[in-house]
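S.K.: Make the full structure from the sequences, and use the hints.
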Amino acid sequence: MATTTEATLARSSRVGAQPLLSVRNIAKSFGKNPVLRDISLEIAESEFLTILGESGSGKTTLLRIIAGFEDATSGEIWMEDQRLDVLPPYRRRVNTVFQHYALFPHLTVAENVGYGLRVAKLPKEEIANRVEQALAMVKMTAYARSKPAKISGGQQQRIALARALVNRPRLLLLDEPLSALDANLRRQMQVELKSLQREVGISFVFVTHDQEEAMVMSDRIALLRRGELEQIASPREIYGRPATAYTAQFIGHTNLLPGEVKGGVVRCHSLDWPVGLPDGPVLFSLRPESLRVVNSAAGSAGVNVVRFRARVCHQAFHGSTELLQVECADGLKLSIRTATRENWSGDLELEFSPQDAVAVRPSEERI
Amino acid sequence: MFSRAYRAAITVPPLVWVAVFLLVPYALLFCYSFWSVSVSQTIVHSWTLDNYRDLFRVNVYLQTLFRSMWIAARVMVFSLLLGYPLAYYLSFHAGARKELFYQLVIIPLWVSYLVRAYAWKTILGSDGVLNTLLQYVHVTQHPLDFLLYSPFAVVLTLTHIYTPFAFLPIYASLEHIPRNLVEASHDLGASPFQTFWRVILPLSIPGVLAGATFAFVLSLGDFLAPLLLGGPSGIMISNIVVSLFGAAYNWPLGAAISLCMLLLVLALIYLSESLEKKWSFR
Amino acid sequence: MSGGAQVKSRWLPWHAAAVFCFLYLPIVTLIVYSFNGSGVGGFPPRNLTLDWYRMLFADDAIWTSVLNSVLVAAAAMAISLTFGIPAALALDRADFPGKVLFRRLVLLPLILPGIITGLSLLMLFRAADMKLSLLTIVLGHGTALISVATTEVFAGLQKLDRAQEEASLDLGANYWQTFWRVTIPNLRLSIIGAALLIFTLSMDEIAVSFFLIGRDNTLPLEIWGRLRRGITPEINAISSIIFAFSLVAIVTWYRLRARAEGNAEGGAELVEAPVQGD
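One line per chain: the protein sequences are V, L and S, in this order. Going by the working numbering, the first residue of the first sequence is number 1, and it counts up by one from there. Going by the working numbering, the first residue of the second sequence is number 368, and it counts up by one from there. Going by the working numbering, the first residue of the third sequence is number 650, and it counts up by one from there.
Be aware that a few hints might be false.
For the chain S half of the interface with chain L, some residues (derived, Cβ under 7 Å), not all of them [stated by the list, open to error]:
{"no.": "1", "residue": "Leu661"}
{"no.": "2", "residue": "Phe692"}
{"no.": "3", "residue": "Val755"}
{"no.": "4", "residue": "Ser769"}
Bear in mind the hints are in silico, worked out from the structure with no lab data behind them. Note that the Cβ used here is the ideal one computed from N, Cα and C, for glycine as well.
M.R.: So, in structure tokens, the structure goes:
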């Protein structure tokens, strides 16, 4: 899965050749049950990397291995020139924001934030100053003396963030930190978190199962599936150029078109268009918004489009758009995203550009 | 997440302590039961089965063991008969007074065992509270003498002591029954009694088993209540062990009897645990 | 609660009342007759007096034994907690050969008749040529009551969020700092509960002490000795005093726990609410 992307290239040229953290061939099994297989990835200085995956994909385990709460079965983790995976968690310059925050219930907000500095035996004044700054950064100064149980979920989240960042880690790990918040607060925190990351310039590794969240916040997304790295790329690239059928389906919504290439032309049901691919079976991903409804009166198809007719079976209103299910005469079913209109029905003339159909590797169902 | 050193630090000290102060003593108990006493009252460290032969040949040991089991069985049954309905009442019907009533069951546990046994003695004696009360209100002319120094007194006292022990696990298991199961049962047309019989009782069986085991095992090994209130007919197996370790000075025989008791207790715990597993549906 | 519809016969409350009478009859008798001028029996009680308490306060042997018992209980508590807390941690988070046997062995004294624990320890001390004294009782109680510390602390550990300790390690605290700053404070209710229970059980323990006693008596053994010589309301008096002390201890403990749990529950809600949303 050596998908070297433009984004990585651009970034590594910016910060120099050496990444901040490299995960090298990490594998992990619980007993005989493999949860991670041969994961390798690199995180650049001040990058926002999201590890995305369904539950059971191994994303949290990978995070816990980086933090030091789990030992990898094999593989290594390096932070610049230092091998990290042999160190206990408390020797790593990595801090974590836990899923349910894990604030210490017996300590006040300020004591929670100062915890790392206190165990590091910093001078009292410096602790006080840094705690104050950290609380100001997350706008929680007023709650310094409260116990964690007395503040709201969103506030707890900010404290967890301050408690981690006050230690000035090289890398911040966030384990689904927004999953406990309701939708509105969640969107607000996504923006805040992203701008905070830009402000402090620390690398973030953010774990989530929510692809939308991943798209909004990340510089790059690493998609995990059943313990394997499916694809790692920038949000635009992973959406526009998914490498596998699974990626295409997991990130956004897509139509999968199986076809057969013969002599530079692919044939897919009754559709065909020219491709630069070798002969053989092939699978295309075609985003619903890549399909356009054309006015029948608009004359014949251009050279670079595939045009066909289909009948509307189902219509779903999505606010700003409309999602239509259509069926061609040969039985091919497709989803289309269009502008909203009260009543789509009957036969439609549709077209798409061949470059929008992306060849993806099929993802077999393994058990 | 825990390093090897951390795990060693939490494991080794208790392991060593338990080995020295529990494992070694039990092993000694085992060894002693195969040794014997010489005429000059020293322990002979050569292996023999004589103690076990005596145990099965001398009637008084087996008889006393069976009597102890019979007393323990009665204590168990009475504790359950007192404890179960009480637990059911508290758990399902006591309403706001539940917590208070629960504390009221616990409080007697904080009063010394010995003191409570002694209190029964002052109640049951021939010029004790009960007899003088009965004479005072002219129910009887003469003191009832079966009250004290009898198996009855022992069973009564032990029941008093172990009823809270039987109550606690039963109450805990009743409290763990999700209330919507009861509602579901009613919704499906079961009468209150059917609901109790088919839903509540089966789900509380693990608590009943735990309570029963406590009551039986702890009364089986008791030696203070019989000594205080039992009289000659209320002697239990532990009293024999005590005398073998004291005046009679036959530790090996005492060890053999204790070991039998230990095995009996372990077998009962095993039985109760496997039944509990069968009856727990989580 | 969904009361009404369940089995609710009239006899249930009466049964409960009867059981409570049965449980409290000896305790009430005990207290009433501690003021009874004409001895431990006889109905109705007459000649109310404080003589027995006066006699008790002048009785040095009793107070010496009370002091002994307190010392034994405090020392036993220290031993049980010192080994019971790590034992609970070990059962929770370490794997080692013989773990199942270890668990059974630790918990055995909880269910085993005290006589067996007592006399097997007696054999140990005899084999080690140790003179019986308060020290042997301390060792006996300490060992037997590890079971109490372990069960209580283990139950507390089940409620402890593992992420708490991970967060501490993550923030740079080593295992030792994490143990003192996070693990112990999180377990403090279980530990205080265990300590109180161990203290009380040790104060009252007689079966194990019976075999390990040297020259100095603990309170229960002192009482036991007197019961064999003949009974006087002085024993009622000391028992009533102990009962009063126990009551104060229970009430304090429940107040303490209710307050702490009130705090803890606020936190628990905030932690659990998101879980449902997952």
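S.K.: Please go over all the hints and tell whether each is borne out by the structure.
M.R.: Each hint, compared with the structure:
1. At a threshold of 7 Å, the smallest CB-CB gap from Leu661 of chain S to chain L is about 5 Å, leaving the interface hint in force.
2. A distance limit of 7 Å between C-beta atoms decides the matter here; for Phe692 of chain S the minimum to chain L is near 4 Å, and the interface restraint holds.
3. Because the smallest distance between the Cβ of Val755 of chain S and any Cβ of chain L comes to about 6 Å, under 7 Å, the interface hint for this residue holds.
4. For the restraint placing Ser769 of chain S at the interface with chain L, the shortest Cβ-Cβ distance is roughly 4 Å, inside the 7 Å limit, so the hint holds.
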